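With chain A's structure known, arrange chain B on it following the hints.
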Amino acid sequence: MAFFSWQFICFLIVAVTVYYLIPGRFQWIVLLISSAWYYFVGGGPRAAIFVAVTVVTTWGGACLMDSIQKKEELKALEAAAHSSPSEEGDSGPSAGKPVKLSRAQKKELKALVQKKKRLVLTLVLLLNFGILGVLKYGSFVSTNLNSLFARFHSGTQIPVVDFILPLGISFYTFQSMGYLIDVCRGKYRAERNLFRLALFTSYFPSILQGPINRYDELASQLYTPHRFDDRRFREGILRMLWGFFKKMVIAERASVIVNEVFGGFEQHRYAGFTILVAAFFYGIQLYADFAGGIDIVAGASELFGVSIRENFRQPYMSRSISEFWQRWHMSLGNWMRDYVFYPIALSKPFARMQKSLRKKIGPYFGKVFPSFLASFIVFILVGIWHGANWKYVVYGIYHATFVSTETLFEKPYADLRRFFHIRDEAAGWKLFQMVRTLFIVSIGRYCDVAPDAGTVFRLLRATFSRFNPWILFDGSLFTFGIDERNFGLLILLIILVAAVDIINERGQTVRGIVASQQLPFRWAVYLTAIAVILVFGMYGPGFDMASFIYAQF
Amino acid sequence: MEENRQELMEILEETRPDIDFENETALIDKEMLDSFDIISIVSEINEAFDISINVNDLLPENFNSVDAILALIAKLQEE
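These protein sequence lines map, in sequence, to chains A and B. Just so you know, the first sequence maps onto residues 1 to 553 in this note's numbering. Just so you know, the second sequence maps onto residues 1001 to 1079 in this note's numbering.
Isolated chain A, as found in the complex:
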């Protein structure tokens, strides 16, 4: 069910109306039924089975870990109670008092519980990431293995099966597994109600393209009764309109240039600045598409009084690649940090490596090298997360190189800045850093637009093979699918989005300002926004509102 369709609008109106009409304690059931309906209509029964498997195994695994904790605690207390009378006698000083475990007993108990919980965790993780792995990467792995076998003249051939991915599988799998790991770490207790956990996993606004929510932030909001909040509702509507505007007026318009240049770069021999301009517009398209999509789902969620995680924080204002990743697709970055980066960087082998490197190559590099290595692993995983293709491995290595070397060479970089008398906070330096980051990010996205790794390198060669800045001024830009009027409009709209981002960066939200105005002004904004979307939105024959770029990941 596409977001910008009458079906979705009607579905949302019915769900919101019923949600606020029934008693608060039943509201979460309305959300669960709506989510199930939304997923069933969008993904079909086959996809729903995969979600059900994740829900049931996550619920079972978490409850089992909780039971292990309680059972082992009880056993340890019983053992302690049993041993204490024999030491001090039934009428001794401990008779009738609650039994306390000694420090050694507590330590032993903790180790035993962790061991058993980790076993359960491993099994559920293997099953769920196994399903994701087979469906998403099975065909890629078998194709590559078959090429390897052919190279060594082996007759072995593995069947290559292309599976249809269930909608949002990466998002709901990561979200559920994050919850399970947190229960194992003792961050919170398991949710005993299967249906409540099903709602957390399948909450319809965010199942399609994220963000990857956290249980401690989202779950209580889902289960708590909500009263209709007029102001919040208005902000939700405005955020949805802003999302539709970004997606349909900006992203779809920018995509025309992107498709023309990257689709036909070999045929038309596009090179130099032509490719760079298209890469810039791809960055705009991707941001407007993904952040616009998140605005729509976050706005829809606000209608139910539920706030979901922010996924973007003005990413194009980043001064470095590592800062970019703290502002772009933040829920994935934070997930990787908490569940992959920290466990790797703090693992015993890494601690041993750190100690040994400090002695061999000095305290500074010894200290930062393990983090450097861990972040390399994380970025390769982030790359692979985007799809089963070698070009995404290249993408991961590309970003990992920038992020890791930023830390590894932090001191030499600082010395260089001092040598050239560059002030870190000077406006010109900040602007240079932002443009540099945008350039690096745009080049990295060749991996996204090219069909394979070979084309990525051909695109790179074409970019730097010709110096043709005149195409920016001689009217060539209006020959890539959109005319001068539409091009001018696109630039104007990009400036508008940049202005809103600057206001947001200063800690204010435009929708907050609009929502607090008097009724006539608010309605003027709503109607203008709807008119702009309808008049300037792109609805060509190839338009598909359901096709958000990140939904395919």
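Please note: incorrect hints may appear among the correct ones.
Straight line, CA to CA, 16 Å or less: simulated EDC-like cross-link-like pairs of lysine to aspartate or glutamate [claimed, not checked]:
#1 A/K110 x B/D1057
#2 A/K411 x A/D424
#3 B/K1030 x A/E266
#4 A/K115 x A/D162
#5 A/K360 x A/E323
#6 A/K367 x B/E1044
#7 A/K107 x B/E1079
#8 A/K110 x B/E1013
#9 B/K1030 x A/E323
#10 A/K359 x B/E1047
#11 A/K411 x B/D1018
#12 A/K106 x B/E1079
#13 A/K367 x B/D1057
#14 A/K355 x B/E1047
If you are wondering where the hints come from, they were derived from the structure by calculation, not from laboratory data. Please read these numbers as outputs of a predicted model, since none were measured by experiment.
Relative to the frame of chain A, chain B by itself:
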């Protein structure tokens, strides 16, 4: 306790000399420390205090201020 504080301050200031650790109480909430800083600080603390801060202890409330980190160190030293 005072010795621990002094040693911890040395580790923190060496890692991030630009932060006023004495007065800051939202090091994580305000995103003043990034993940590389955390790993660096944790590994230094583990070595200096002979404890083992593991991934389960990496909660914002344990790293938001010097006092919070000291409390975590004291807790782990007791265990």
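Hint check:
At roughly 14 Å between alpha-carbon atoms, A/K110 and B/D1057 fall within 16 Å of each other, so this suggested pair holds. The hinted pair formed by A/K411 and A/D424 meets the criterion: a straight-line CA distance of about 14 Å does not exceed 16 Å. Between B/K1030 and A/E266 the CA atoms are separated by roughly 47 Å; this puts the pair beyond 16 Å, and the hint is violated. Simply put, A/K115 and A/D162 have alpha-carbon atoms about 37 Å apart, too far for the 16 Å limit, and the pair is violated.
A hinted pair counts as satisfied when its Cα atoms are at most 16 Å apart, and A/K360 with A/E323 does not qualify at roughly 31 Å. Using a Cα cut-off of 16 Å, the hinted pair A/K367 and B/E1044 holds, with the two alpha carbons roughly 9 Å apart. About 7 Å separates the Cα atoms of A/K107 and B/E1079, which keeps this hinted pair within 16 Å; it holds. Restraint check for A/K110 and B/E1013: the C-alpha separation of about 34 Å exceeds 16 Å, so the hint is violated.
With a CA separation close to 14 Å, the supplied pair B/K1030 and A/E323 stays within the 16 Å bound. Using a Cα cut-off of 16 Å, the hinted pair A/K359 and B/E1047 holds, with the two alpha carbons roughly 14 Å apart. Straight-line distance between C-alpha atoms of A/K411 and B/D1018 comes to about 14 Å, which keeps the hinted pair within the 16 Å bound. Under the criterion of a C-alpha separation no larger than 16 Å, the hint pairing A/K106 with B/E1079 is consistent with the structure, at around 9 Å.
Annotation: proposed proximity of A/K367 to B/D1057 is violated, straight-line Cα distance about 20 Å (limit 16 Å). In summary, the hint linking A/K355 to B/E1047 is supported, as the alpha carbons are separated by about 9 Å, within the 16 Å threshold.
Hints 3, 4, 5, 8, 13, counting from the list given before, are not met by this structure.
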